[in-house]
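Novice: Spelled out, the chains give:
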Amino acid sequence: MAALQEKKSCSQRMEEFQRYCWNPDTGQMLGRTLSRWVWISLYYVAFYVVMTGLFALCIYTLMCTIDPYTPDYQDHLKSPGVTLRPDVYGDKGLDISYNVSDNRTWVGLVHALHGFLAGYSPESQQDSINCTSEKYFFQESFGAPNHTKFSCKFTADMLQNCSGLVDPNFGFAEGRPCFVIKMNRIVKFLPSNSTAPRVDCAFLEQHRDARPLQVEYYPPNGTFSLHYFPYYGSKAQPHYSNPLVAAKLLNVPRNTEVVIVCKVLADHVTFDNPHDPYEGKVEFKLKIQQ
Amino acid sequence: MSHVSVNLHLLVKPEVRGIRGNGPGSPRPPSASVRNAEPAREAKKTLEIYSVELSGTKDIAQTDKADGKEKYRGLKNRFEPRKNHQKEELKKELDLDDHKLSIKELEEKYSTNIITGLSSTQAAALLAQNGPNALTPPKETPEIIKFLKQMVGGFSILLWVGAILCWIAYGIQYSMNKSSSLDNVYLGCVLALVVILTGVFAYYQEAKSTNIMATFNKMIPQQALVIRDSEKKTVPAEQLVVGDIVEIKGGDRIPADIRLLSVQGCKVDNSSLTGESEPQARSSEFTHDNALETKNIGFYSTTCLEGTASGMVINTGDRTVIGQIASLASGVGDEKTPIAIEIEHFVHIVGGVAISIGILFFIIAVSLKYHVLDSIIFLIGIIVANVPEGLLATVTVTLSLTAKRMAKKNCLVKNLEAVETLGSTSIICSDKTGTLTQNRMTVAHLWFDNQIFIADTSEDHSNQVFDQSSGTWASLSKIITLCNRAEFRPGQENVPIMKRVVVGDASETALLKFSEVILGDVMEIRKRNHKVAEIPFNSTNKFQLSIHKTDDPNDKRFLMVMKGAPERILEKCSTIMVNGQEQPLDESTAEAFHTAYMELGGLGERVLGFCHLYLPADEFPESYSFDVDAMNFPTSNLCFVGLLSMIDPPRSTVPDAVTKCRSAGIKVIMVTGDHPITAKAIAKSVGIISANSETVEDIAKRLHIAVEQVNKREAKAAVVTGTELKDMSPEQLDELLTNYSEIVFARTSPQQKLIIVEGCQRQNAVVAVTGDGVNDSPALKKADIGIAMGIAGSDAAKNAADMVLLDDNFASIVTGVEEGRLIFDNLKKTIAYTLTKNIAELCPFLIYIIVGLPLPIGTITILFIDLGTDIIPSIALAYEKAESDIMNRKPRHKKKDRLVNQQLAIYSYLHIGLMQAVGAFVVYLTVYAQEGFTPGILTNLRVAWENGNVNDLEDSYGQQWTWYQRKYLEWTGYTAFFVGIMVQQIADLLIRKTRRNSIFRQGLFRNKVIWLGIASQIIIALILSYGLGSVTALNFTMLRPQYWFVAVPYAILIWVYDEVRKLFIRLYPGSWWDKNMYY
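Going down the list, the sequences are from chains R and E. Using my numbering, read the first sequence as starting at -16 and increasing by one per residue. Using my numbering, read the second sequence as starting at 3 and increasing by one per residue.
Just so you know, these hints were derived from the structure itself, not from any lab. Just so you know, not all the hints are guaranteed correct.
[Said to hold, decoys possible] Calculated lysine-lysine pairs in the DSSO-like style (CA-CA distance at most 30 angstroms, straight line): (1) 896/E x 662/E; (2) 180/E x 75/R; (3) 268/R x 61/R; (4) 501/E x 268/R; (5) 501/E x 406/E; (6) 969/E x 268/R; (7) 371/E x 406/E; (8) 75/R x 969/E; (9) 270/R x 180/E; (10) 718/E x 897/E; (11) 969/E x 246/R; (12) 180/E x 171/R; (13) 686/E x 892/E.
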């Protein structure tokens, strides 16, 4: 095999490159004359315009086929996720720690809860209706104004001691903090067959000799009333607010870190997905110092 | 400088030839000589013609040296520094003077005894001191280096960078957050694994093809008969040491360089050393100052043809003359093959695109306020998307598939890349003997009854159509049969006549086979005509005669038959036989004889004359005792019967092959050691010099003017002898090579091949060279593709070559060229196919960075396309048939016709690749929209989407998603995008079947492997989605069936677009469209 490569000096290469950029003999810039550049640009412009048009057409068609009220598939939303307020995240998930005697450590948490519950003030809920039935609130037709469906009211005062109205510190000051638990919305999801879904909080690892976690739930029993279900989507229910459950933890041991898990107990809510720690339950670390 | 000396030393050869005068350089008629001609006279003739060379030997070698330096100073400078050690060796070789010493002096010098030999202890000591008597094999690159080279070559570097970036990214993550996920570590490992696996694969492929050669090279260990401790012993030739007394006999390979001490009728074949195939006599006398000339030296690796001899070993192993030439060959630069350069070029293009896009988007990402860590991860994605990981492995497989196919057609390719080199060949320098010709003398013409008859020279002689009814033929055939000492080796009754082994020289063999074919059992005829006396051919008489009893019981006369040099035979004749009747030999018949003789001689054929005489019964009764020494019988006033001419005829497949080469734009140059007339005749008969082209000499002859007056531009062909070549400056050679389209180099030494090859390479040609001798190896190495002969070739030649022709047939080279061109075209298709999807893989990252969509396709998924679904289809393109007759095309210009040119890259990247990207995005967006995320909400969703702490992200319907639910959707998006690309790659595969013709013309189903490829794509995708959809680490999910069809309209669009492209290319050749769209 023989020498097929010739070594070019740097200056030769530069010269060749310059000639490539502008060739005075043929009037070529970068290998093409100006008119050729115009032609090729026109071609590409046309080509890309057509491609963009086709793409837009496809997306338009796609949007036309999609039902604005209900998603076509809910393959990944078999069971709702559960979230917690206040939400302070550490390295791994929710991690809440504060010092009872130092109000600077918990004022942020309290503030976050106030902020969150602002969306549940009577003013912001005024477009929703009061529901009293403990059954599913099925709505076939669009009975509400502007071709929408009714949403049931959930106001902060339903959380009683944890509403922030009675105790603006949500119990943080006395070491019996309130946590607000929210279940994610899924369109047309029915959590259970007849009984209302209930929140149940406990220590993740219950030692035999330790006392079980004592919790006060608001609304009483820690249930999400069935009349908040099913959810019909943001277009049909623009004023819908997720129902909440507040859990006031009464006997959290001091100066130790505990892991607390709050599960939603309902027929169709699962909390045993090994990959998804937020499906049907929420875990959080809590450390209260004194 | 020593490289210069290489040539010099080699250039000593031509005058060697001139002096010896019985090499293939022997003039043929009309300078009138018969085979085995008398050396003295021959030498005289040679002298006249080649007088320049005569002063010979060392002085000339010195002048040569000076000349050579002059000639080659310019082009050789760059070789000089590294070759100094070889110069030393050369000096040593020139100092060889053992041939001048007397036996006594030799015994002293090597402290041995020619009767008792060395003692075993002496031998053992010398063996330990000088090492075994074997050529050091060319230095092999250590296996580990070869392996490591595979690991860092090509795209591997980019992938290593990707892997290292992954680990760096993890390092940064880890330093910020001790519990960060190991994803990046895994990805880095996967990338490293990909590099290692493809490296191992490429290494394995290369090792496999090297192994073929290794087995091919394996030789039976040679034995030597040596006198040691006063006893004759057989020892392996490797154990010979200097001073050993060895005995050789006919058929042996000479085991070392030996100084001959006693010789009985020994002839050697020095062709492996000098390229001359004529046997050369050896004697124990010192006949020439030059070691290469003198008759009392036998050279290592040459063959003793007949006789016996004993000699003293004077050089062993690498110190032998052959060893020195062989080590020169390994010094000639072994540089990159054209395809290696093309692949490098392509790697540069792709690597350049990857790095520039990577860096560009790194900067964009940083300036868009992305975290540096994220930017690094984008960079990894961009690199992985841009590098066609599987491509180099595919290319290797494709080349080895072709290599296998070529091996079936008798081209054994040593170096995979040589497969393509053959395709880009623009000049073939071919040997004559054995390659273009059948390598056996065959009767070509007969002259009797004042007429020239043509004999069939095809491989099987089946069709002898000349008139056999004449009485003259009856007499002639009798002479041919009887005046012949050649015999078939017994036990070959079932072998076709032309294939039988014959004991005897080439001419006699030809005559024997000729008569056997026409007359039947020659041995039986000879038995019936009992031979009573015989004078074998000798160079003094220049004839051969024998006297027989006739098979006619009524005819008691003896028949004397004679053959020999035509003019000698004619001198002895007084009558001539015409139509079976004896007629006096008058002026006009003698004139006719001369005309015929000249004509046959002019065809480059070896002519023999035949005559006979019925000895009168009264003078020579049955009991007469013939004495061949006293010559007690008449040898004049004989009856001339006819002439017969022989030639080594061209192989029947060669003329076609040469025509094919010509239409393929390949120049075929014949380089032979033979006489110019023979060379020209063969060149004409195979078409190397076409029927209507003339040399300067031809024109001069036709116009009856002096050669100098001829306008050189008119001549298309040229026959150049080695002597002329020696006097040419490189510029003159360049001029010769450019001005003449049909060139024959005759009487060249194989070493001059190197000069010719270099000349061709200066014309920017890709040169293929055939060769068989040891001293061809420098030329074989120097050539872009060296082709060694599998049958006639020496091991050194095979070692130096890139390809071995198993059947020594020129036509096989042409099939090789065809395969080489096809593979180049098909590699283009494969690369175009593979490059296309890179854009579809790259766009997601760019969109992700700029628009902030959830990542459409993951790095691992990309690897599954590159190394999974795309592998078999891209190999399948190697099986694609040629679109048109590739042998009607000019050879590709190695600087202009690139494997990956601008058009290919642009068309793949910006046209089809872009369509694929759009199609795949449509699938991706469809999946997201139907699951709840419409395109509108997706923009700039990235940060929240990827935040593991957001577990209630709202979609377009107000539904709230946890992080894992989103991740799972993202993987579904990956799968969807993957399927989108896969579906469109099927269309891409189909359109790549052709570059110019419509697919329908090419035939959708002709290449079955393509469909196998498509099936593999679909099956792999199905397995990934449905079989491995539950393995979270692979990021595949089970995709709803309808999503497999979303990209189909785009696939159809790709196909239609490409058909339109091809249609316009065909409709408007040379147009703007053709220039921009044809790759």
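Novice: All hints are to be evaluated individually against the structure, with a verdict given for each.
Specialist: Hints, verified against the model:
no. : hint          : verdict
1   : 896/E x 662/E : holds, 21 angstroms
2   : 180/E x 75/R  : holds, 10 angstroms
3   : 268/R x 61/R  : holds, 26 angstroms
4   : 501/E x 268/R : violated, 94 angstroms
5   : 501/E x 406/E : holds, 28 angstroms
6   : 969/E x 268/R : holds, 24 angstroms
7   : 371/E x 406/E : violated, 55 angstroms
8   : 75/R x 969/E  : holds, 17 angstroms
9   : 270/R x 180/E : holds, 21 angstroms
10  : 718/E x 897/E : holds, 27 angstroms
11  : 969/E x 246/R : holds, 22 angstroms
12  : 180/E x 171/R : violated, 41 angstroms
13  : 686/E x 892/E : holds, 23 angstroms
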